[in-house]
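Enquirer: Take a look at the letters that make up each chain.
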Amino acid sequence: MCLGVPGRIETIQGDGLLRVGKVTFGGAVKEAHLGYVPEAIVGDYVIVHAGFAISTVDEDEAARIFDYLRQIGELAELEEANPSA
Amino acid sequence: MKYVDEYRDADAVHQLADELARITTRPWTIMEVCGGQTHAIMKFGIDTLIPDDVTLVHGPGCPVCVTPLELIDQAIEIAAIPQVIFCSFGDMLRVPGSARDLLTAKAHGGDVRIVYSPLDALRLARENPDREVVFFAVGFETTAPANAMTVYQAKREGVENFSLLVSHVLVPPAMEAILSSPSNTVQGFLAAGHVCTIMGYSEYEALTERYNAPIVVTGFEPLDILHGVLMCVEQLESGRSDVENQYTRAVRQEGNVAAQGVLAEVFRVVARKWRGLGEIPESGFALAPDYAQFDAGSRFDVADVSVPEPEECVSGLVLQGVMKPDECAAFGTACTPEAPLGATMVSSEGACAAYYRYRRVADPA
Amino acid sequence: MPDGFTCPSPLGDHSHVQLAHGGGGRLTNALIEGMFAPAFDADGPERRHDGAAITIGGARLAFTTDSYVVDPLFFPGGSIGYLAVNGTVNDLAMCGARPLYLSVGMIIEEGLPMETLWRVTQDMKRAADAANVKVVTGDTKVLDRGKGDGLFINTAGIGLRETDADISPSSVRPGDAVLLSGDIARHGMAVMTVREGLEFDTTIESDCAPLAGVVLALFEAGIDVRCMRDLTRGGLASALVEIAEARGVHVVVRESAVPVLEDVRGACEILGLDPMYVANEGRFIAIVGPEDADAALDIMTRHAVDGPASRIGEVTDRHEGLVTVVGQIGAERVLDMLSGEQLPRIC
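Protein chains in written order, with this note's numbering: chain A, 1 to 85; chain B, 1 to 365; chain C, 1 to 347.
One chain only, chain A, in its complex shape (with noise of 0.2 angstroms):
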């Protein structure tokens, strides 16, 4: 669903289901809640929304979707140039 906001965690306070942080988001920093992401840590990014971290960002995950989309990218150019038959 709905609005949910990439942050970095800056700082976390407390722990168990009640922690919460500071996240950044381009520089504007939010308190949010972090008892959903019990595992993410300082530095890590988080998906906000409605003042909750709802999960953390995947960043190895990010990164190979991102290089098989290149590719597809790339492989569609190359089509493109030459289209098979």
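Treat the hints with care, as some may be off.
[As the list claims (entries may be wrong)] Now the stretches of chain A that chain B is said to cover, found in silico as 3 or more residues with beta-carbon under 8 angstroms:
(1) 2-10
(2) 15-28
(3) 32-39
(4) 67-75
[Said to hold, decoys possible] Facing chain C, according to a computed beta carbon distance under 8 angstroms, are these residues of chain B, among others:
(5) G36
(6) T104
(7) V115
Just so you know, the hints here were simulated from the structure itself, not pulled from any lab data. Each residue gets a CB set at the ideal place from its N, CA and C atoms; glycine is no exception.
Chain A is fixed; fit chains B and C onto it per the hints.
Expert: Same frame as chain A, now just chains B and C:
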């Protein structure tokens, strides 16, 4: 902004669009479930980039749009009580009930406040012990954990002047309602990415099997959406109907287990009435018995009446993807953002509002 | 039957004034066109968007007024005091005038701390000095406690018009260049991010600043300025739409050419706001002839305290009374005014 800008890169998006055109050999109809995806498609003009053979129809993934009229009327009634501070996400403020909206209720003296998070409403309750703070808990599974945690904390801390007016709906039952309808034209789905960060996507397996429709869990940026459409069309072209995940950087198959735990404690699954779609069994959340004391519907004696929709408004057909906003006779004339007939024109996620606000103009001949 | 496109919004739809009527969008315009302008017979040649161009005994004057109701009174980068002076100074500048004298009307809530009033007054003095204007008259009223938000200020201003040229949408023509004096959305986000329920830890600072200096420099350099607008409520989008609709031309802008600071953008993303509609206080757009564009940009950049000016679009005759924006991934869409305030959203 990292993990945002890269997914709005024009070249990358166009390359994917080219690849999509290359592999598409037949017409396909795909529904993007989530209002956030509809918004992105219209705002970034993604529908202008995809081949003509691929038709995107917009689903009922706008929790604001599907909140029943009665609930809005109840919200307005509660907001008018002098002791109440009525808190809501901004999205709900302009949605018309049977007579007016929450913003008008504010103009008439109700203490209606916009908050970014339900935790802000809880804080208001702590800071104003002599007032009753009510939070309008609208949303899909994405927002339910936030609302659940707020009530969980309220109970632990013994905050008594706080309650939720609950209007939570679940996505998979709506998808099933659409797929099982005799007039259904949808052949594949882009599932709502953030809903799936919470719930995972195992429950879609049954849908793909039963209806032979591929379901691709998809994100919200232009590149995500195009990638999701590409994955869906690839399946359709090769006759597959599997559940796949495009939004792998944020969604895991099992979802968010911590969030699911709190949901199970605070909420129970109930039948819910969807504006424009009617009642769907097991399609929403209500507070579980242990948390029933936080239910605003019970705490405040508000009437439970059924209100008919205005006849001209065909929001229901738009929400089911059967009609496009600009095919509605009232679109842009009797129904505009200034004077909306239905929720789909008011909500920023509503398909009608998205069409209106981000509309194209044809160049004059 | 209401026609949302061209007819003023039927005021009969609203039995009570809403916040949106002050939002700078369609409802505000409807209130002005539907109630005030007809009542005061105020649609003559003197009328400008930001003020009035009048002539008294041969002296070419500009006359304007504005009221300031911002909450909180003090916000990062400014205060109601700064706004009250700079807002009116800028309205005069937009009429092509050198701002000279201001009046100040203070409406104070009983119980406002004297210290607060003193700070606001000092801010007004500083702003007036920086803008080379004098506050020469004023009025003070005190309301019962509970009837006001602490403090409201009205300022009216008078200036001398530097030119007889009609600096208004009527002078705009296809081919003209649309220039923007700096990055957008700072003021609106500075105020919103300290508002209860939406607080950020960030110090996004308001861009509140006087614009008379740069405007006068444009005239001094002989730039043929067709039209100007300072960007206030309703943001960049509303200003563009007002001009396009008033003149019946098409304005096309490129989203990637409109600068937004990163933290402002981050705050907008989180609250679900489009920067194009967020309020500004020290920014303006100038529509100039294409041959003047480079020189004008140069002057605007030299006078900017933070960041260069940019050319964001053109006027064309492709459509009538419409603004379109070419988005980040290259698709063109209509940019419309909102009916009321833009509200934060989570969907």
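Enquirer: Hint by hint, say whether it matches the structure.
Expert: Going down the list of hints, with the structure as the test:
1. 2-10: This one holds; 6 residues, not fewer than the three required, reach chain B with a Cβ under 8 angstroms.
2. 15-28: holds (count 4)
3. 32-39: Since three or more residues must qualify, the claim that chain B covers the stretch 32-39 of chain A holds, with 5 doing so at under 8 angstroms.
4. 67-75: holds (count 6)
5. G36: This interface hint holds because 6 angstroms falls under the 8 angstroms limit.
6. T104: Since the shortest Cβ distance to chain C is 7 angstroms, the answer is holds.
7. V115: holds, 4 angstroms
The structure is consistent with each of the numbered hints, conforming to all of them.
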